[in-house]
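Asker: Guided by the hints, dock chain G onto chain H, whose structure is given.
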Amino acid sequence: MLKVNICGAEFKNPVIAASGTFGFGKEYSNFFDVSKLGGICTKGLTLNEKLGNEGIRLYETTGGLMNSIGLQNPGIDNFIANELPFMNELDTVIIANLGGGSIEEYLEGIDKLNDTNVDFIELNISCPNVKEGGMAFGIKSKVAREIVSKVKKVSKKPIIVKLSPNAEDIVDMAVKCCEAGADILSLVNTFKAMAIDIYKKKPVFNNIFAGLSGPAIKPVALRMVYEVSAAVDVPVIGIGGIMNWKDAIEFIMAGADAIQVGSANFIRPDISLDIIKGIEDFLNREGIKSIMEIKGIARRS
Amino acid sequence: MQSKHMKARIFENNEILEGIFKLTIKGGFEGKPGQFYMLRSWNKEPFLSRPISIHNLDKEKIEFLYEVRGEGTKLFSQLKRDEQIELLGPLGNGFDIEKIKGKVAIVTGGIGIAPMYYVAKQLEDCKVDFYAGFREQVYLIDEIKGAVNEIYVATDTGEIGHKGFITEIFDPKQYNIILSCGPSIMMDKVIKSCILNKKKIYISQENHMACGIGACLGCTCKTNSGMKTVCKDGPVFSGEDVIIHA
Chain H
1353 MLKVNICGAE FKNPVIAASG TFGFGKEYSN FFDVSKLGGI CTKGLTLNEK
1403 LGNEGIRLYE TTGGLMNSIG LQNPGIDNFI ANELPFMNEL DTVIIANLGG
1453 GSIEEYLEGI DKLNDTNVDF IELNISCPNV KEGGMAFGIK SKVAREIVSK
1503 VKKVSKKPII VKLSPNAEDI VDMAVKCCEA GADILSLVNT FKAMAIDIYK
1553 KKPVFNNIFA GLSGPAIKPV ALRMVYEVSA AVDVPVIGIG GIMNWKDAIE
1603 FIMAGADAIQ VGSANFIRPD ISLDIIKGIE DFLNREGIKS IMEIKGIARR
1653 S
Chain G
154 MQSKHMKARI FENNEILEGI FKLTIKGGFE GKPGQFYMLR SWNKEPFLSR
204 PISIHNLDKE KIEFLYEVRG EGTKLFSQLK RDEQIELLGP LGNGFDIEKI
254 KGKVAIVTGG IGIAPMYYVA KQLEDCKVDF YAGFREQVYL IDEIKGAVNE
304 IYVATDTGEI GHKGFITEIF DPKQYNIILS CGPSIMMDKV IKSCILNKKK
354 IYISQENHMA CGIGACLGCT CKTNSGMKTV CKDGPVFSGE DVIIHA
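Sequence order for the protein chains is H and G. So the first sequence is numbered by our numbering: it starts at 1353 and just counts up by one. So the second sequence is numbered by our numbering: it starts at 154 and just counts up by one.
Heads up, some of the hints might be wrong.
25 Å max Cα-Cα, derived PhoX-like pairs, lysine-lysine [claimed, not checked]:
| no. | chain 1 | residue 1 | chain 2 | residue 2 |
| --- | --- | --- | --- | --- |
| 1 | H | LYS1598 | G | LYS197 |
| 2 | G | LYS160 | H | LYS1629 |
| 3 | G | LYS227 | H | LYS1552 |
| 4 | G | LYS197 | H | LYS1544 |
Treat the hints as calculated values from the structure; they're not laboratory data.
So that you can see chain H by itself, here it is in the shape it has in the complex (with noise of 0.2 Å):
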């Protein structure tokens, strides 16, 4: 009932743990079987370790929060050796999340993903944390499509292309990402936000700059997944602001083959276990035999 099939993956359920917050998986494990989710996808990665950013890297606003971390990650030889080998053993899908600060950088990191057992690469080009690259390779469509283009002709898995709302045409994004070979688009990264400190009347953050994520952005990152789901043709994976599996089934139904939970893991570890069971018992009650059935619905109707 539950199932999703993307690109010859098969996902027990729709629900994925999204990049950045839930860590390698292995912080959550402490807290509920992990391999209960669809699937999992790791934080950040770039080629060479990564320290983040300085100063203030959280900060709460109304429905959600704002996030400045700057991609801290073990690099990628780490990841492969140390982090990987556990998510191996987790009966899950797994997807790479990919950064990076050049076109170079991207695709050397491919090509040590390439010889992992990750089942998919996430192509991080939304990131509004790193001064170099990140969210830049993902306003201009242009640019998006180079990269894309780029990493498709080296990478041997199945490349999901992360999306973010602060494209300047999220459809035309989308668009020329899957012309240049995008096998799945998720959508939306985290949106460009900002506060000021009052009393020490300067923007909280040192970037000044800052990700948003949380309910807030739920209503335009799902405005977004049922524009960008009706112009392609490829798999939608919807992420923004999903709380519960009320939110969850209202992506499928804008057009979403799967969804991603993230800033909800924060406020209880197993919340995607929830929402996993209560888009199972909507199925059962409305009568749906197949989450595939509803996918997309609200554009049919």
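Answerer: Quick look at chain G alone, frame taken from chain H:
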């Protein structure tokens, strides 16, 4: 010690002094001195749970001592008996009591006193002196008196104890090990004086946190052995290792 997510009922939530509350929950909880729980008593706002250190724990109850600083702690302060609260914990690395021997000084500032009562109570084979600095209002001293050898107090006004900073009357030379929790500027001074006098020091840090379990990297701090998470690698760090931005 397995961390768990659980719901519980408030037993007591008393304002022991203006803005300082002690929250008690009955039941069998676990936790080492220096560990903390993520607490929340709301559904949607504020978004994140709040990390609060274990103030006291025994077979029958767990206690949290907190200062009302923002929206979350304000909501905690309004909790009444039998109201529900969610707990995730125990979390983090606490003080390694087995390693703490001999003559021990505990140096605290303000609400940094909160985790150190439980720490002091656990140091059974040590001779413990307690140094507590406050702005004006002094709290918890009577309870702590029963758990330690000597207690020294400093206040900004000098109305009680030494007038000035607690660091002005603390001398690490007399001790084998020093434990500290409080404002960064105070801990920075304590660490520097301990390093100068070649004394072992452990400190308990705090930071903004989202997950509380080492996944989001929102609370990372710099140490001499690389980037560490306050929630998972800490909150207790070796004073020589941590780099404090005072």
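Asker: Could you tell me which of the numbered hints above are not met by this structure, giving the numbers in increasing order?
Answerer: The structure conflicts with no hint, since it agrees with every one listed earlier.
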